[in-house]
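Undergrad: Residue numbers (the numbering used here), protein chains in the order written: chain P, 1 to 157; chain A, 158 to 336.
Treat the hints loosely; a few may be bogus.
Dumping the calculated DSSO-like pairs for lysine-lysine here, alpha-carbon to alpha-carbon at most 27 Å [unchecked claim]:
#1 Lys-96/P with Lys-198/A
#2 Lys-47/P with Lys-238/A
#3 Lys-325/A with Lys-249/A
#4 Lys-47/P with Lys-319/A
#5 Lys-305/A with Lys-47/P
#6 Lys-198/A with Lys-47/P
#7 Lys-71/P with Lys-325/A
#8 Lys-249/A with Lys-319/A
Everything labelled a hint here was simulated from the structure, so no lab data went into it.
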Amino acid sequence: MKRFIYALGLTMACFSSAQASIDTYEFSTQAERDRYRVLVEELRCPKCQNQNIADSDAPIAMDMRDEIFKKLEEGESNEQIVGYLVDRYGDFVRYKPPVNNRTLILWYGPAAFLAFGFLMVAVIVIRRRRSVRAELAEQQLSSEEKTRLSDILKQYK
Amino acid sequence: MSKMRLLAVFGVLFGVASFAGMALFGINNDPSELPSALIGKPFPEFTTRSLDDPNVQITRADLLGRPALVNVWATWCVSCKVEHPVLNDLAKQGVVIHGINYKDNNPDAQRWLRDFLNPYQLNISDPKGTLGFDLGVYGAPETFMIDKKGIIRHKFVGVVDKRVWREKLAPIYQELLDE
Numbered sequence: 001m002k003r004f005i006y007a008l009g010l011t012m013a014c015f016s017s018a019q020a021s022i023d024t025y026e027f028s029t030q031a032e033r034d035r036y037r038v039l040v041e042e043l044r045c046p047k048c049q050n051q052n053i054a055d056s057d058a059p060i061a062m063d064m065r066d067e068i069f070k071k072l073e074e075g076e077s078n079e080q081i082v083g084y085l086v087d088r089y090g091d092f093v094r095y096k097p098p099v100n101n102r103t104l105i106l107w108y109g110p111a112a113f114l115a116f117g118f119l120m121v122a123v124i125v126i127r128r129r130r131s132v133r134a135e136l137a138e139q140q141l142s143s144e145e146k147t148r149l150s151d152i153l154k155q156y157k
Numbered sequence: 158m159s160k161m162r163l164l165a166v167f168g169v170l171f172g173v174a175s176f177a178g179m180a181l182f183g184i185n186n187d188p189s190e191l192p193s194a195l196i197g198k199p200f201p202e203f204t205t206r207s208l209d210d211p212n213v214q215i216t217r218a219d220l221l222g223r224p225a226l227v228n229v230w231a232t233w234c235v236s237c238k239v240e241h242p243v244l245n246d247l248a249k250q251g252v253v254i255h256g257i258n259y260k261d262n263n264p265d266a267q268r269w270l271r272d273f274l275n276p277y278q279l280n281i282s283d284p285k286g287t288l289g290f291d292l293g294v295y296g297a298p299e300t301f302m303i304d305k306k307g308i309i310r311h312k313f314v315g316v317v318d319k320r321v322w323r324e325k326l327a328p329i330y331q332e333l334l335d336e
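Next up, chain P with everything else stripped away, as it sits in the complex (with noise of 0.2 Å):
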């Protein structure tokens, strides 16, 4: 029973700092609550850009923050609340920007990239393997060499 309460306690100094910014906000029910984890972490801080909405102290982000929980409140669904941001402060504001025309090198660039390079690495390595075995192949004693050879050593026996 000791061990339980420790962990307990330790589980819930764990969560602490991680609802840091919840804690000013009363959700009427705890699925509100979930949605707005979700969004203030997909949320992108247009002033400090390498933060989300949840980890930024700068003013912007705390009026995003207010304006997710009164759109949550008012029971917006989080297309329209993240449709609201975008319209605003356009599609940088989501870390998951939506796939279109503007955005495919940045979904499938890294794919085609890595593809590339595997193919690469393959013609490479297909075209060494080849040569490799031409070459053994010149090594290797033809037919008529074969019997001269064995006619050498048996001279030699």
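Starting from the structure of chain P, add chain A where the hints point.
TA: The following block gives chain A in isolation, referenced to the frame of chain P:
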């Protein structure tokens, strides 16, 4: 095999060239400057009090009729002070500039305009930053350019100095005037 080698050399050269291109692009491109999501869209609807006189209301309709600069500023914003004399000069030249006093308090802002002169034709007060939020403002100073129909045509983030005006904003303003 030599064909292969030629291909590899070209590949490496291409890689180096594209890297250099990207680096150049990166140097000339300030990543803290975001493209506005509102270019080509109408200036958002708003109703706020005037900074000069709390009894006077300002709405979107007051912005219509002529191209203008809409400058987002605040007394807490250090670079706004650098920008202010430039705006005064532009106002003297006849450029239409409106001000949005962003997340500020009125007495401080009024004192600022008394001390450093007022380049703004309309003084929109946005103490909570709600209009700023609708505009996608994430810091001050920011300057929007609107045409006579109230469509946002350009946004500049940062200090409008003489060079920025001459090289970037003045041509756009002239274009809007000529429309």
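Undergrad: Next, verify each hint and record whether it holds.
TA: Hints and how they fare:
no., hint, in the structure
1, Lys-96/P with Lys-198/A, "holds (24 Å)"
2, Lys-47/P with Lys-238/A, "holds (20 Å)"
3, Lys-325/A with Lys-249/A, "holds (19 Å)"
4, Lys-47/P with Lys-319/A, "holds (25 Å)"
5, Lys-305/A with Lys-47/P, "violated (30 Å)"
6, Lys-198/A with Lys-47/P, "holds (22 Å)"
7, Lys-71/P with Lys-325/A, "violated (38 Å)"
8, Lys-249/A with Lys-319/A, "holds (14 Å)"
Against the hints set out earlier in the document, violations occur for numbers 5 and 7.
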